[in-house]
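**Student:** Chains A and B, in that order, are what the protein sequence lines are.
Letter by letter, the first sequence follows residues 498 to 914 in the working numbering.
Letter by letter, the second sequence follows residues 184 to 659 in the working numbering.
No lab work stands behind these hints: they were computed from the structure.
Here the structure is a predicted model, which means the values were calculated and not measured.
Just so you know, not all the hints are guaranteed correct.
No farther apart than 27 angstroms at their CA atoms in a straight line, the calculated lysine-lysine pairs in the DSS-like style are these [what the hints assert, rightly or not]:
{"no.": "1", "chain 1": "B", "residue 1": "Lys-414", "chain 2": "B", "residue 2": "Lys-381"}
{"no.": "2", "chain 1": "B", "residue 1": "Lys-271", "chain 2": "A", "residue 2": "Lys-553"}
{"no.": "3", "chain 1": "B", "residue 1": "Lys-613", "chain 2": "A", "residue 2": "Lys-837"}
{"no.": "4", "chain 1": "B", "residue 1": "Lys-551", "chain 2": "A", "residue 2": "Lys-777"}
{"no.": "5", "chain 1": "A", "residue 1": "Lys-883", "chain 2": "B", "residue 2": "Lys-441"}
{"no.": "6", "chain 1": "B", "residue 1": "Lys-613", "chain 2": "A", "residue 2": "Lys-777"}
{"no.": "7", "chain 1": "A", "residue 1": "Lys-777", "chain 2": "B", "residue 2": "Lys-441"}
{"no.": "8", "chain 1": "A", "residue 1": "Lys-777", "chain 2": "B", "residue 2": "Lys-342"}
{"no.": "9", "chain 1": "B", "residue 1": "Lys-381", "chain 2": "B", "residue 2": "Lys-441"}
{"no.": "10", "chain 1": "A", "residue 1": "Lys-700", "chain 2": "A", "residue 2": "Lys-731"}
{"no.": "11", "chain 1": "B", "residue 1": "Lys-554", "chain 2": "A", "residue 2": "Lys-554"}
{"no.": "12", "chain 1": "B", "residue 1": "Lys-342", "chain 2": "B", "residue 2": "Lys-307"}
{"no.": "13", "chain 1": "B", "residue 1": "Lys-332", "chain 2": "A", "residue 2": "Lys-562"}
{"no.": "14", "chain 1": "B", "residue 1": "Lys-271", "chain 2": "A", "residue 2": "Lys-554"}
{"no.": "15", "chain 1": "A", "residue 1": "Lys-777", "chain 2": "B", "residue 2": "Lys-381"}
{"no.": "16", "chain 1": "B", "residue 1": "Lys-542", "chain 2": "A", "residue 2": "Lys-562"}
{"no.": "17", "chain 1": "B", "residue 1": "Lys-522", "chain 2": "B", "residue 2": "Lys-554"}
{"no.": "18", "chain 1": "B", "residue 1": "Lys-623", "chain 2": "A", "residue 2": "Lys-731"}
{"no.": "19", "chain 1": "B", "residue 1": "Lys-623", "chain 2": "A", "residue 2": "Lys-814"}
{"no.": "20", "chain 1": "B", "residue 1": "Lys-522", "chain 2": "B", "residue 2": "Lys-378"}
{"no.": "21", "chain 1": "B", "residue 1": "Lys-623", "chain 2": "B", "residue 2": "Lys-609"}
{"no.": "22", "chain 1": "B", "residue 1": "Lys-232", "chain 2": "B", "residue 2": "Lys-342"}
{"no.": "23", "chain 1": "A", "residue 1": "Lys-731", "chain 2": "B", "residue 2": "Lys-441"}
{"no.": "24", "chain 1": "A", "residue 1": "Lys-837", "chain 2": "B", "residue 2": "Lys-232"}
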Amino acid sequence: MTSRTLKNGMKVLVQSDHSIPNVAMYIFYRIGSRNERPGTTGLSHFFEHMMFNGAKKYGPGELDKVMEGNGGSNNAYTTQNVTVYQDWFPHSTLPLIFDIEADRIRDLNFDPQKIESERGVVASERRLSVDNSNNGLLDEQLWATAFVAHPYQWPVVGWMSDIEHWTIADLKHHFEMGYSPSNATMVVVGDVTPEEIFQLCEKFIEPIPSHAPPPPVTTVEPEQLGERRLVVRKPAELPLLSIAYHIPRTNSPDFYALNILRTVVFQGESSRMYQRLVDKDQIALGVESQVENAFDPTLLEINAQPKQGVDPQACEKAIYEELDRVKNTGIADRELEKAKNIRLVEFYRQMRTISGRANTIGTYEVFFGDYNRLFEAAKNYGGVTKEDVQRVAKTYFGANNRTVATLLPENEEKAKQ
Amino acid sequence: MKFRNAVRLLALATFSLMICSAASAQSLRLPPHEKVVFKNGLTVLLMEKHGVPMVSFSAIVKTGSAADPAGQEGLASVTAELLRKGTKTRTAQQFAADLDFIGGAFDAGAGPDFTTISAEFLTKDLARGLDLFADAVLRPTFPLEEADKLLAQGIDGVKAAKDDPESVLFSYYDGYLLSGHLYGRPGGGDELSLKNIKREAIAKFYETHYAPGNTILAVAGEFNTVEMRKKLEDVLGAWPAKTVQPLPIPSAAPVKGKRLLLIDKPDATQTYFAIGNLGTAVTEPDRVAIRVVNTLFGGRFTSMLNEALRVESGLSYGAGSFFDSRKTPGPFAMYSFTKNESTVQALDLALQTLEKLHKEGVTEEQLKSAKSYLKGQFPPTIETSGQLARRIAANEFYGLDDNEVNQLEARIDAVTPEIARQVIQKHFPKENLVFVVIGKASTIGPVVQKYAGKEDSRAISDPGFWPPPGTNVSRK
Numbered sequence: 498m499t500s501r502t503l504k505n506g507m508k509v510l511v512q513s514d515h516s517i518p519n520v521a522m523y524i525f526y527r528i529g530s531r532n533e534r535p536g537t538t539g540l541s542h543f544f545e546h547m548m549f550n551g552a553k554k555y556g557p558g559e560l561d562k563v564m565e566g567n568g569g570s571n572n573a574y575t576t577q578n579v580t581v582y583q584d585w586f587p588h589s590t591l592p593l594i595f596d597i598e599a600d601r602i603r604d605l606n607f608d609p610q611k612i613e614s615e616r617g618v619v620a621s622e623r624r625l626s627v628d629n630s631n632n633g634l635l636d637e638q639l640w641a642t643a644f645v646a647h648p649y650q651w652p653v654v655g656w657m658s659d660i661e662h663w664t665i666a667d668l669k670h671h672f673e674m675g676y677s678p679s680n681a682t683m684v685v686v687g688d689v690t691p692e693e694i695f696q697l698c699e700k701f702i703e704p705i706p707s708h709a710p711p712p713p714v715t716t717v718e719p720e721q722l723g724e725r726r727l728v729v730r731k732p733a734e735l736p737l738l739s740i741a742y743h744i745p746r747t748n749s750p751d752f753y754a755l756n757i758l759r760t761v762v763f764q765g766e767s768s769r770m771y772q773r774l775v776d777k778d779q780i781a782l783g784v785e786s787q788v789e790n791a792f793d794p795t796l797l798e799i800n801a802q803p804k805q806g807v808d809p810q811a812c813e814k815a816i817y818e819e820l821d822r823v824k825n826t827g828i829a830d831r832e833l834e835k836a837k838n839i840r841l842v843e844f845y846r847q848m849r850t851i852s853g854r855a856n857t858i859g860t861y862e863v864f865f866g867d868y869n870r871l872f873e874a875a876k877n878y879g880g881v882t883k884e885d886v887q888r889v890a891k892t893y894f895g896a897n898n899r900t901v902a903t904l905l906p907e908n909e910e911k912a913k914q
Numbered sequence: 184m185k186f187r188n189a190v191r192l193l194a195l196a197t198f199s200l201m202i203c204s205a206a207s208a209q210s211l212r213l214p215p216h217e218k219v220v221f222k223n224g225l226t227v228l229l230m231e232k233h234g235v236p237m238v239s240f241s242a243i244v245k246t247g248s249a250a251d252p253a254g255q256e257g258l259a260s261v262t263a264e265l266l267r268k269g270t271k272t273r274t275a276q277q278f279a280a281d282l283d284f285i286g287g288a289f290d291a292g293a294g295p296d297f298t299t300i301s302a303e304f305l306t307k308d309l310a311r312g313l314d315l316f317a318d319a320v321l322r323p324t325f326p327l328e329e330a331d332k333l334l335a336q337g338i339d340g341v342k343a344a345k346d347d348p349e350s351v352l353f354s355y356y357d358g359y360l361l362s363g364h365l366y367g368r369p370g371g372g373d374e375l376s377l378k379n380i381k382r383e384a385i386a387k388f389y390e391t392h393y394a395p396g397n398t399i400l401a402v403a404g405e406f407n408t409v410e411m412r413k414k415l416e417d418v419l420g421a422w423p424a425k426t427v428q429p430l431p432i433p434s435a436a437p438v439k440g441k442r443l444l445l446i447d448k449p450d451a452t453q454t455y456f457a458i459g460n461l462g463t464a465v466t467e468p469d470r471v472a473i474r475v476v477n478t479l480f481g482g483r484f485t486s487m488l489n490e491a492l493r494v495e496s497g498l499s500y501g502a503g504s505f506f507d508s509r510k511t512p513g514p515f516a517m518y519s520f521t522k523n524e525s526t527v528q529a530l531d532l533a534l535q536t537l538e539k540l541h542k543e544g545v546t547e548e549q550l551k552s553a554k555s556y557l558k559g560q561f562p563p564t565i566e567t568s569g570q571l572a573r574r575i576a577a578n579e580f581y582g583l584d585d586n587e588v589n590q591l592e593a594r595i596d597a598v599t600p601e602i603a604r605q606v607i608q609k610h611f612p613k614e615n616l617v618f619v620v621i622g623k624a625s626t627i628g629p630v631v632q633k634y635a636g637k638e639d640s641r642a643i644s645d646p647g648f649w650p651p652p653g654t655n656v657s658r659k
């Protein structure tokens with residue numbers, strides 16, 4: 498692993514791996530929906546789309562045509578915290594990819610016609626992932642309820658009315674705010690040498706001037722002082738249940754203990770929740786936990802799919818009983834050992850493809866401030882004790898700290914009344 | 184996110200070479216591997232590949248959901264899923280505990296042509312992993328309680344899927360396009376067929392079809408080939424031989440004329456649609472040329488369909504097309520989704536794009552672009568031991584050799600505009616089309632009538648997909 502910080506502030510991490518003649522390039526920008534404001538929610542994600550819609554040299558549609566026509570492909574994703582651009586391509590395309598990336602980092606252009614058609618695309622994406630997906634819909638309501646002050650309260654894709662009203666000025670402002678090279682980290686893994694990457698960086702990326710990073714997000718979510726509950730009623734075949742607890746940001750000392758806890762309680766068919774809700778009580782089709790990497794204090798979500806005819810509250814009760822069991826009596830030695838083994842295998846799974854490695858390296862660099870933390874992960878998980886696990890369970894799984902969301906099926910006639 | 188392929192494409196990757204494959208760089212070849220046939224008839228493929236300390240198993244039992252008895256659709260899937268839910272030496276709970284303790288992965292499921300059982304372990308845990316794998320494949324007991332649990336979950340699973348129209352679009356599409364054919368039935372079962380499955384039928388399905396002579400086992404990853412072969416012989420060599428009658432799967436007939444199935448989801452704000460006809464078999468001689476043409480038509484971001492429905496018009500987040508190839512021809516479909524109000528506009532655009540493909544063909548320049556794309560994107564599809572094990576097992580099943588990979592670049596390069604023209608004529612439907620549309624019927628029903636001479640409809644909450652359960656369909 499080789500790293501260098503360019504003169505404009507962009508940090509570049511390179512790892513050579515010649516097992517396939519391909520390269521994965523991931524560029525992480527430290528900007529996401531947490532940097533937005535009411536009225537323009539979803540702008541980071543919309544901007545991510547616009548990064549494919551024309552710059553100075555490669556006009557609207559050309560980026561994708563040139564990249565795919567030369568054997569490459571691309572994608573991108575936006576979260577509450579970061580916007581990540583991904584290129585996958587054969588080694589021979591390397592200079593072209595740098596030319597394309599430099600063009601859009603330096604000279605992104607906004608074509609009014611493209612803005613309008615892309616608005617339609619994002620609206621469709623929202624309909625797909627939220628409005629016509631019960632899981633997506635409930636999740637949106639959960640975050641909107643669990644946060645009252647902090648920007649994590651609005652959806653990454655944006656509220657539909659905001660999607661309809663973004664302007665070209667909003668986009669320009671977002672570019673100026675978030676897209677300084679110094680606000681980005683580039684990770685390149687695959688059939689490359691660090692020397693050739695740094696040479697290309699010197700030629701294409703280093704001359705792009707830097708400017709101020711986005712203003713810090715200063716809003717702190719006040720402590721939650723009591724349970725919050727919400728209900729979504731809509732036509733549905735089955736109900737849904739989501740429970741969320743506030744937890745610290747990713748780069749916190751409890752990160753490893755929380756992950757071990759989640760592994761014991763939620764991961765695999767031997768996990769406590771699966772054994773209880775799916776296998777023994779047979780009240781749920783599945784139950785899982787989810788935590789996103791975050792710069793600010795975030796949520797640990799528990800999502801359950803109750804079986805038909807089962808009151809979501811029955812699932813809720815069983816979940817609390819299992820969490821209480823960890824709080825009251827902790828976990829067994831063998832469970833701790835199992836969780837550590839699972840984390841180790843997951844490490845290999847993430848690291849065995851050039852793409853997985855680029856994403857993992859970048860994630861550690863961005864969320865922990867240092868990619869080396871990746872290589873300390875095994876040691877940090879190894880140091881977690883049963884007492885740590887019990888302590889974090891007691892600290893975070895309190896009734897006052899939770900938000901509970903249920904989706905209850907209602908047939909069409911009832912919905913109209 | 185910029186783009187997400189339809190769920191179908193990912194789900195099918197295991198079962199269909201045509202879906203996931205592309206082209207290789209010149210230097211790129213399948214790593215060397217050995218084939219051994221044990222005395223009991225088990226075919227074993229061994230690919231020693233160092234770099235990551237893991238071993239991947241991929242077994243194919245050469246019987247899939249096409250063998251489900253009528254009215255018991257889902258039987259092959261349920262049988263596969265129950266393998267780990269109780270063996271002669273472990274309860275379901277013990278199996279889960281032993282598997283999870285070593286961070287192992289185990290997955291079993293049925294596609295239309297065959298059943299796949301895959302597993303993955305760290306090399307250091309190989310002995311324990313192999314024991315678990317063999318336990319599930321050779322010694323399942325199908326406890327009644329576990330069967331009942333799984334079937335009840337399966338029924339609710341179908342209902343949960345119907346809450347997300349995208350996830351069931353192709354269940355309806357396959358049923359409507361291939362109605363009356365073995366491939367037209369829901370592989371995972373539906374709300375009614377799963378109720379008809381008894382524990383005895385599951386045990387019998389296993390007894391009939393799970394046999395060494397009916398199984399291909401591919402193992403890839405970090406191990407020593409000689410030692411691995413010995414270990415496998417010790418563990419799997421004693422699996423008693425037994426004769427399995429192969430299931431003939433006749434070729435389906437393409438649909439004639441235009442037919443439309445409308446699935447009513449009253450709360451939908453977006454219409455989901457698939458249009459097409461019968462596609463091709465995995466071993467179709469034109470398969471590489473089809474792959475090149477479909478890349479241009481609906482197989483990548485800058486495809487004609489995605490350009491028309493997304494990039495130029497903003498009507499949809501995505502559009503594409505695929506050939507879901509099987510032992511005998513499976514479906515071809517183009518698909519997209521759009522808000523209720525633009526349903527007709529989007530369907531018209533999809534049809535115009537298909538018409539354009541037929542009328543204008545593809546140029547030398549377009550071919551060059553598609554060829555580069557396929558060749559450049561191929562290597563990451565044979566990067567991990569799991570991908571390699573699945574690929575060599577599937578190649579063996581379909582009677583394809585290593586040239587599927589090793590000669591792919593040459594085969595891609597050989598495609599000319601004239602060959603592309605012939606492929607479009609022969610394999611892409613034109614006049615005869617099946618339409619499946621899921622959406623708010625009260626709004627879109629009247630406007631989609633214009634597409635078909637024959638129209639059928641159901642509510643998404645009606646049990647089953649198509650045909651309605653209990654109906655006898657014969658399509659001559």
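**Student:** Look at each hint and say if it fits the structure.
**Tutor:** Each hint tested on the structure:
no. : hint                  : in the structure
1   : B:Lys-414 x B:Lys-381 : violated, 36 angstroms
2   : B:Lys-271 x A:Lys-553 : violated, 67 angstroms
3   : B:Lys-613 x A:Lys-837 : violated, 56 angstroms
4   : B:Lys-551 x A:Lys-777 : violated, 57 angstroms
5   : A:Lys-883 x B:Lys-441 : violated, 64 angstroms
6   : B:Lys-613 x A:Lys-777 : violated, 53 angstroms
7   : A:Lys-777 x B:Lys-441 : violated, 49 angstroms
8   : A:Lys-777 x B:Lys-342 : holds, 22 angstroms
9   : B:Lys-381 x B:Lys-441 : violated, 39 angstroms
10  : A:Lys-700 x A:Lys-731 : violated, 56 angstroms
11  : B:Lys-554 x A:Lys-554 : holds, 24 angstroms
12  : B:Lys-342 x B:Lys-307 : violated, 41 angstroms
13  : B:Lys-332 x A:Lys-562 : violated, 50 angstroms
14  : B:Lys-271 x A:Lys-554 : violated, 66 angstroms
15  : A:Lys-777 x B:Lys-381 : holds, 21 angstroms
16  : B:Lys-542 x A:Lys-562 : holds, 22 angstroms
17  : B:Lys-522 x B:Lys-554 : violated, 34 angstroms
18  : B:Lys-623 x A:Lys-731 : holds, 14 angstroms
19  : B:Lys-623 x A:Lys-814 : violated, 36 angstroms
20  : B:Lys-522 x B:Lys-378 : violated, 36 angstroms
21  : B:Lys-623 x B:Lys-609 : violated, 35 angstroms
22  : B:Lys-232 x B:Lys-342 : violated, 42 angstroms
23  : A:Lys-731 x B:Lys-441 : violated, 35 angstroms
24  : A:Lys-837 x B:Lys-232 : holds, 26 angstroms
The structure shown violates the earlier hints numbered 1, 2, 3, 4, 5, 6, 7, 9, 10, 12, 13, 14, 17, 19, 20, 21, 22, 23.
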